[in-house]
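**Student:** With chain A fixed as given, assemble chain B onto it according to the hints.
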Amino acid sequence: MMRQVSEVIVNVTVDAVTAIKSFLVNKDNRKPIRIDIHNTGCCDCSLDLSVDEVRENDLIQEIEGLTFTISPEIHELAGDVTISYVNEKVKKGFVLTSSKPLNEWDGFGVCDLKQ
Amino acid sequence: MEQYKLFINGKFQDAASGKTFESVDPGTEAPIATIAQAGKADAEAAIAAARRAFNSGVWSGLTPAARMAKIHDFADEVAKQGLRLAATECMDSGQIIGLAKFSPLLGIGFLRNMALAAATKFPWEEEIPVSGNAFGPGREFIRREPIGVCVGIIPWNFPMTMAFWKIAPSLIMGNCLILKPASYTSLSALIIAECAQAAGIPDGVINVIAGPGGELGSVLCTHPDVDKVAFTGSTEVGREIMRMAADTVKKVTLELGGKSANIILDDADMELAVEGACFGTFFHQGQICESGTRVLVPAKIYDQFVEKMKKRAEALRIGYQLDPTSHMGPLVSKQQLATVERYVKIGKDEGAKLVTGGKRVEVAGIKGGYYYAPTIFANVNNKMRIAQEEIFGPVVCVIKYDSDEEAVAIANDSIYGLGGGVFSSNQARAERVARGVRTGTMWINNYHIFSDYCPFGGYKQSGVGRELGVAGLHEYTVIKRVHVNTMADAKTNMTFQLMSDYKKVDGFAYNCPTMVIAGHGALSSIYKAIVDLGCRRALVLTDPGVNKAGLAQKVKNALADFCVGIYDKIPPDPDLEAVDAATAVARELKADCIVSVGGGSVIDTAKGVCVTLKNGGNANDYLNFLVLTEPQTPHIAIPTTSGTGSEVTNVSVLTSHKAGRKLFIVDARIMPNVAILDPIFSLSLPKDMTVSTAMDAMTHAIEAMTSTMSNKICDGMALQAIRLINENLPLVAADGKNEKARLNMQLAATMAGWAFTIAQVGLAHGMAHTVGALHHVPHGAACGIILPKVMRYNVETSADKLAQVAHALNVNTSNMSDRDAALAAADAIEALMVKVGHPMRLRDMGVPEESIPVCAFHAIADTAVIFNGRPVNDPNDIIALYTQAY
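Protein chains in written order, with the working numbering: chain A, 77 to 191; chain B, 12 to 897.
In case anyone wonders, no lab produced these hints; they're calculated from the structure.
Hints should not be assumed to be uniformly reliable.
Label pairs and their computed distance ranges (CB to CB) [said to hold, decoys possible]: (1) 126(A) - 668(B): 57 to 63 Å; (2) 164(A) - 372(B): 41 to 47 Å; (3) 191(A) - 362(B): 40 to 46 Å; (4) 63(B) - 164(A): 45 to 51 Å; (5) 152(B) - 166(A): 34 to 40 Å; (6) 126(A) - 494(B): 53 to 59 Å; (7) 41(B) - 166(A): 14 to 20 Å; (8) 166(A) - 482(B): 25 to 31 Å; (9) 164(A) - 152(B): 38 to 44 Å.
For every residue, glycine included, the Cβ atom is placed at its ideal position computed from N, Cα and C.
Chain A extracted, bound-state conformation:
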């Protein structure tokens, strides 16, 4: 059973909302956005975003017409998540930070929204 939360567990910047909506329109997709752990090798994991289904026990939050979902275990581990978007000369993508950083590189890298 999923749970619509009343407290704020996900913060999304205006730029990030715009980028996500643009991505979804281009893909003709209105599914929820999942926040999950992703490991890209040697040592430290990070948070990332993907278009996914809502699953049992997921926490979900609606923001600006977008649905964000996260498993309770990941929320317990990472805390509240802030999603921003950078579009700079050499850095482009979503930056995810959390109130309980997963490691010392929290927010250092960027990720794409995966289909």
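**Tutor:** This is chain B only, laid out in the frame that chain A set:
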């Protein structure tokens, strides 16, 4: 609780902010130390210290041997701290003591091995014997120099080893370093800093700052005073570091993630393979980037193998890391534990079969700790996330396959390529499989074996560059090319002259090592000549006409037992295939010397054979300028014409049908070792060939004098050649059997060859090459027809030289200006040609008038034209000359 400080500029100090953070024992979750937490100001101070130290030369200016001596002191201090380092590493990182106790010894060995390699074997300076630029001669060499200020950012899985992997090569190669250890595991790096301080490594050469990667990384990877970043960690962070470093174009080496395949072949020793699969995955709790976390198992032994792995995994003892009986300790952090749990859930959700594990483990007597059971997933599809993403924990995916080819394809179906293994009782088969996997390291019947001299690094998204070994040392140097001009003279510099009106090249090097044996009966000298060359098996190369005339047989007789055969299939205007065919015969006969008997075509072919016989391959491989670095197959040349001078020159002209033109091997090392000028070999030369080849020699001589590369030695050779041709050509034209005149003509051709092989030729040759290539005008005849026209054209720049030519041609130049004498020389050449019956017009040689413009455009691009004494820039000039010759 112990307190650790930052190490900056040779001193331990608090963070500028005064902040500290705790390090936690992952086996108990108890804090064990506080560490000063560096921020931006500390990172900048460390960079400044490193930059000062580097620029001062206090370290970078030492010889490699002197640095080795200091590294030995450093290693000795590490030895003194060995027990402390091992215990601290164990408690700080969760590494079992059975492993951690070796880490200081391995670090010491690495320091010593790399220092020794740098001081004794590393190619700090390297000569480049062949520069590839014929116009800028000089000594060419490279120096490998330290890059400067390096940053090393290391992960938490092997903190001490990773610290040594960054410290050793950077310092040993003369750089200064800022090391940033992982925040979970900073202690061993700070203890190593104590060792460096105690060893007297100069202040600023090594700096260690602990603190948050995101904040410090942003400074370290963007600061303009940092020259190189070496990072070991996640692909996501590595990618960002590479982007950041790009702004100031830092050198970057990255050692990133992996999802390596450990391929079990169906003939593998089952016990060994099961051990290899479990060790390859569960060693150090699976927190190793090159772990074999995809175990590929043949379908026919799959179930049996999985069952044995399960049994072995369940027998592993999980315990506190300081307990010497523990096979596996804790994961490094609760975050890592949660990550592993998350991936196990993903695996179950994806439909993989959990065979064993998949749960936390409680260790008796300990409350807390991040322990996790060795976990095996079976029935894994390689597309699943657990097979594609690195979990970095004790979780293995066992994947079924049906053939070796499928196993390799599965292994390569990954964004990573860091490690991998093959287990098989058939070494050849295992090597074939290993070759097919695109990865940086493959172990056969082994896993996790690192060696100081063996490079480590990744393919694909597993990284950039290599660590360890000499390859790893190279990553900490930058190459400087040094060119030292042969002649320090503006007027000998052909490239400077591109911006100068002075086109003459004053300086020169005269290198004509061919021994010339000349005179009646000279042929008999070949018997000793071949012995002097250290040879016993001479192959005679010739053409059908010369062979038919019995000249090759004379040579064979003179060689006695030293002749292994006569090959007479050399065609006129030889092509690359002619060289390759002759070379094949020479190889088959195991020839160790080539004797060429013929005109320029035969001798040029023989030069090509000598090169391919010596170096392997075929003639097309060697169509280059000045690339040979050692003596070629010995060559004795016996000319049967008196024209090309090929018996002493450094050129072989060969037709390339693919290129559609004649191409060259040009190299002093193809000059024949011996030239035998025996007049009996030219007595039977027909008159027309006698005349046209003589005019080729005359053109060599005159153009050598008027070229931009002319010099006094070559002038002397050329003038004597001109005199001899002028005096003797009419004699041999009248009587081909005049042996004395024939010998003089041979000497003239050889001297003209010596002259032009150093001084080059000019426009007449460029124009003759063109009508030869486009309209098959014999080269000597074309040279003769065109030469007087070009001499008149060159009067503008070469009147003095052509006046000397006139004198050599026996023209009475008294009371003449140089210009008038030069013009008289051209007239004298034409008079000589008329006297000996040489053709006088191109129209008589089959050249159509309408092709003159096309010929002009070809000729202006001919290499010979570069050296013409009067610069040729306007094709209309050449059209005018062709028209005069028409």
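**Student:** All hints, please: hold or fail.
**Tutor:** Tested hints:
At about 59 Å, the beta-carbon gap between residue 126(A) and residue 668(B) stays in the expected band of 57 to 63 Å. Between residue 164(A) and residue 372(B) the beta carbon distance is about 45 Å. The supplied range of 41 to 47 Å therefore holds. The beta-carbon spacing between residue 191(A) and residue 362(B), approximately 20 Å, falls outside the hinted interval of 40 to 46 Å. For the pair residue 63(B) and residue 164(A), the beta carbons lie near 32 Å from each other, so the given range of 45 to 51 Å is not met.
For the hinted restraint 34 to 40 Å between residue 152(B) and residue 166(A), the CB-CB distance of approximately 37 Å keeps it satisfied. Taking 53 to 59 Å as the suggested C-beta distance range, the pair residue 126(A) and residue 494(B) conforms, at roughly 55 Å. The hint said 14 to 20 Å for the Cβ distance between residue 41(B) and residue 166(A), and at roughly 42 Å that hint is violated. The beta-carbon spacing between residue 166(A) and residue 482(B), approximately 28 Å, falls within the hinted interval of 25 to 31 Å.
For residue 164(A) and residue 152(B), the hinted distance range of 38 to 44 Å is satisfied, since their beta carbons lie about 43 Å from each other.
The structure does not agree with the numbered hints 3, 4, 7 stated previously, though it agrees with the rest.
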